[in-house]
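Chemist: Taken in order, these protein sequences are the chains called A and B.
Okay, so the first sequence: first residue is 1 according to our numbering, each after it adds one.
Okay, so the second sequence: first residue is 350 according to our numbering, each after it adds one.
Calculated directly from the structure, the hints in this document are not laboratory data.
The C-beta atom is built at its ideal place from N, Cα and C for all residues, glycine as well.
Hints should not be assumed to be uniformly reliable.
[To be verified] Pulled a few chain B residues facing chain A out of the computed Cβ check, cut under 8 angstroms:
id : residue
1  : W366
2  : G368
3  : L369
4  : T372
5  : A378
6  : T382
7  : F385
8  : M387
9  : R392
Take a look at the letters that make up each chain.
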Amino acid sequence: MTALASAYEWFITTFPTLSMAIGLLLFPLLPLIIGVAMYVYWERKVIGWMHVRIGPNQIGPLGLLQTFADVFKLLLKEVIYPFQANKPLFLLAPLWALVPAFAAWAVVPIGSHVAWSDANAGLLFLLAMTSMGVYGIIIAGWASNSRYAMLGAMRSAAQIISYEIAMGFALVSVLVLAGSLNLSDIVNAQAGGKGLLDWFWLPLLPMFVIYFVSGLAETNRLPFDMAEGESEIVAGFHVEYSGAPFAVFFLTEYANMILISFLAPLLFLGGWLSPFPASWGALGAPGWWWFVAKAFFFATAFIWLRATFPRYRYDQIMRLGWKVFIPITIVWVFVAGCMKYFGWVTVGA
Amino acid sequence: MSRVVSYFKSLLLLELWAGLGVTLRYLWAPKYTVRFPMEHIPRSPRFRGLHALRRYPNGEERCIACKLCEAVCPALAITIDSHRREDDTRRTTRYEIDLFKCIYCGFCEESCPVDSIVLTDILEYHMEKRGENILTKPQLLAIGDRFEKDIAAARTEDAPYR
Numbered sequence: 001m002t003a004l005a006s007a008y009e010w011f012i013t014t015f016p017t018l019s020m021a022i023g024l025l026l027f028p029l030l031p032l033i034i035g036v037a038m039y040v041y042w043e044r045k046v047i048g049w050m051h052v053r054i055g056p057n058q059i060g061p062l063g064l065l066q067t068f069a070d071v072f073k074l075l076l077k078e079v080i081y082p083f084q085a086n087k088p089l090f091l092l093a094p095l096w097a098l099v100p101a102f103a104a105w106a107v108v109p110i111g112s113h114v115a116w117s118d119a120n121a122g123l124l125f126l127l128a129m130t131s132m133g134v135y136g137i138i139i140a141g142w143a144s145n146s147r148y149a150m151l152g153a154m155r156s157a158a159q160i161i162s163y164e165i166a167m168g169f170a171l172v173s174v175l176v177l178a179g180s181l182n183l184s185d186i187v188n189a190q191a192g193g194k195g196l197l198d199w200f201w202l203p204l205l206p207m208f209v210i211y212f213v214s215g216l217a218e219t220n221r222l223p224f225d226m227a228e229g230e231s232e233i234v235a236g237f238h239v240e241y242s243g244a245p246f247a248v249f250f251l252t253e254y255a256n257m258i259l260i261s262f263l264a265p266l267l268f269l270g271g272w273l274s275p276f277p278a279s280w281g282a283l284g285a286p287g288w289w290w291f292v293a294k295a296f297f298f299a300t301a302f303i304w305l306r307a308t309f310p311r312y313r314y315d316q317i318m319r320l321g322w323k324v325f326i327p328i329t330i331v332w333v334f335v336a337g338c339m340k341y342f343g344w345v346t347v348g349a
Numbered sequence: 350m351s352r353v354v355s356y357f358k359s360l361l362l363l364e365l366w367a368g369l370g371v372t373l374r375y376l377w378a379p380k381y382t383v384r385f386p387m388e389h390i391p392r393s394p395r396f397r398g399l400h401a402l403r404r405y406p407n408g409e410e411r412c413i414a415c416k417l418c419e420a421v422c423p424a425l426a427i428t429i430d431s432h433r434r435e436d437d438t439r440r441t442t443r444y445e446i447d448l449f450k451c452i453y454c455g456f457c458e459e460s461c462p463v464d465s466i467v468l469t470d471i472l473e474y475h476m477e478k479r480g481e482n483i484l485t486k487p488q489l490l491a492i493g494d495r496f497e498k499d500i501a502a503a504r505t506e507d508a509p510y511r
């Protein structure tokens with residue numbers, strides 16, 4: 001054991017950059033990828049149950065290894081390049097979508113100020129990263145040299161731009177109350193003696209709903225998956241993708257969903273804070289398990305919504321975004337300002 | 350007034366919650382899935398599946414080459430050649446069924462005077478090579494020998510209704 005420890009010591013002192021890279025890879029990326037795999041499995045199971053089926057149950061115990069089998073199948077398949085496609089951009093697009101989806105995790109704290117980057121403007125960074133992802137989709141649609149892909153990309157771009165405004169305003173109301181862009185400070189501003197009654201979801205209830213619905217639209221999930229729209233544009237922006245690049249798009253979509261599931265508790269449900277009053281002892285103590293449990297609820301809600309609702313018509317999506325969400329959010333930003341100014345909500349412990 | 354009410358109703362997402370309630374209810378509902386290779390749905394004794402030729406308990410084949418099944422077959426799936434055996438009985442030299450032509454109507458079984466050709470309840474079978482769709486006489490007899498117990502049991506069970 002001591003030999004192993006000294007070897008470890010030698011390695012991290014001799015190759016500091018390399019060990020940092022390995023550490024980064026091991027901590028956020030590997031758990032995230034395994035989380036995505038488990039999430040895909042969970043999605044297929046839950047949708048199966050809601051369809052009165054049982055879902056995957058053959059590969060591994062209870063079918064747990066199903067996603068890994070699918071991923072290996074995809075990685076071993078041939079990558080087909082469409083005729084006259086722009087090959088460098090065609091291959092760049094999935095990476096362009098993937099990198100922001102992973103980079104956004106740098107500022108997500110799992111405890112008070114426990115994050116890779118405890119940035120002051122963490123919320124701004126998150127907004128930037130989630131917006132960057134749409135370039136991957138647009139480039140994919142354009143580089144594929146396919147009408148369906150192009151239409152999917154256009155739809156996706158228009159939709160994400162529309163919903164980003166509503167989402168941005170929802171986040172503005174959060175930061176008005178919290179008085180900070182740092183995600184740990186936002187969570188700490190939701191602390192108090194009363195458990196879940198102190199969290200921001202109560203004063204910002206409409207914002208909370210709008211944030212989650214915009215999150216659905218941002219990640220191109222049902223009922224807002226117009227960018228894919230199997231019934232009319234086959235698979236939208238990734239219609240021409242096969243094999244490993246398709247797997248990367250798949251990974252990106254689910255990584256984004258998990259990200260949104262983790263952000264919703266951070267911003268509105270007190271992150272790692274316990275839902276019970278502080279006077280309840282161990283049950284009222286904060287901890288990462290609360291955070292994971294809340295995120296799991298939202299991740300399951302994504303699936304639940306997918307199993308329940310049909311896809312929106314495109315003009316209805318635009319109507320919802322511009323004529324319903326944006327007016328409500330603008331009004332509620334003022335309401336949040338009044339709450340803060342007149343001290344109607346208590347912020348911080 | 351009703352417009353105002355419907356406006357607030359839509360803001361509260363009541364219909365969406367109702368929809369979510371339906372899927373949540375079905376999440377807990379008992380599942381209909383049959384885990385097929387491990388589980389089977391019940392099969393009627395009248396089920397018409399793969400063909401078989403039966404024998405008498407003493408080992409003698411039942412078929413007397415009367416060719417009624419060949420004549421009645423609407424899909425012309427049965428081909429029979431016959432000859433006179435040493436003991437002066439009429440027997441088939443060739444009895445072939447083309448599974449691609451067969452429509453599994455069961456007329457051959459109905460027409461058979463000696464209950465020789467029967468349709469078993471076997472429905473899981475496949476061909477790997479061209480030509481394997483034609484079942485020859487030895488193959489049909491082998492199927493009959495292998496599943497005689499099931500075939501006889503199904504016939505006995507169905508007898509009171511015929």
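Chemist: Checking hints one by one. Is B/F385 an interface residue toward chain A, by the C-beta closer than 8 angstroms rule?
Modeler: violated (11 angstroms)
Chemist: Regarding the hint that B/W366 lies at the interface with chain A, is the smallest CB-CB distance below 8 angstroms?
Modeler: At 10 angstroms from the nearest chain A Cβ, B/W366 fails the 8 angstroms test, so the hint is violated.
Chemist: Just to be careful: measuring from the Cβ of B/T382 to every Cβ in chain A, is the smallest value less than 8 angstroms?
Modeler: Cβ of B/T382 sits 5 angstroms from chain A, so the hint holds.
Chemist: Any CB of chain A closer than 8 angstroms to the CB of B/T372?
Modeler: Given a least distance of 4 angstroms, the restraint on B/T372 holds.
Chemist: Could you check if B/A378 really has its C-beta closer than 8 angstroms to a C-beta on chain A?
Modeler: Constraint on B/A378 satisfied, holds at 5 angstroms.
Chemist: Taking 8 angstroms as the limit, does the beta-carbon of B/M387 come near enough to a beta-carbon in chain A?
Modeler: Violated. Min distance 10 angstroms.
Chemist: Return the status of the interface hint for B/R392: holds when the least beta-carbon distance to chain A is below 8 angstroms, violated otherwise.
Modeler: violated (22 angstroms)
Chemist: Against chain A, run the beta carbon of B/G368 and see if the smallest gap drops under 8 angstroms.
Modeler: holds (5 angstroms)
Chemist: Minimum Cβ distance from B/L369 to chain A below 8 angstroms?
Modeler: holds (5 angstroms)
Hints 1, 7, 8, 9 from the earlier list are contradicted by this structure; the remaining hints agree with it.
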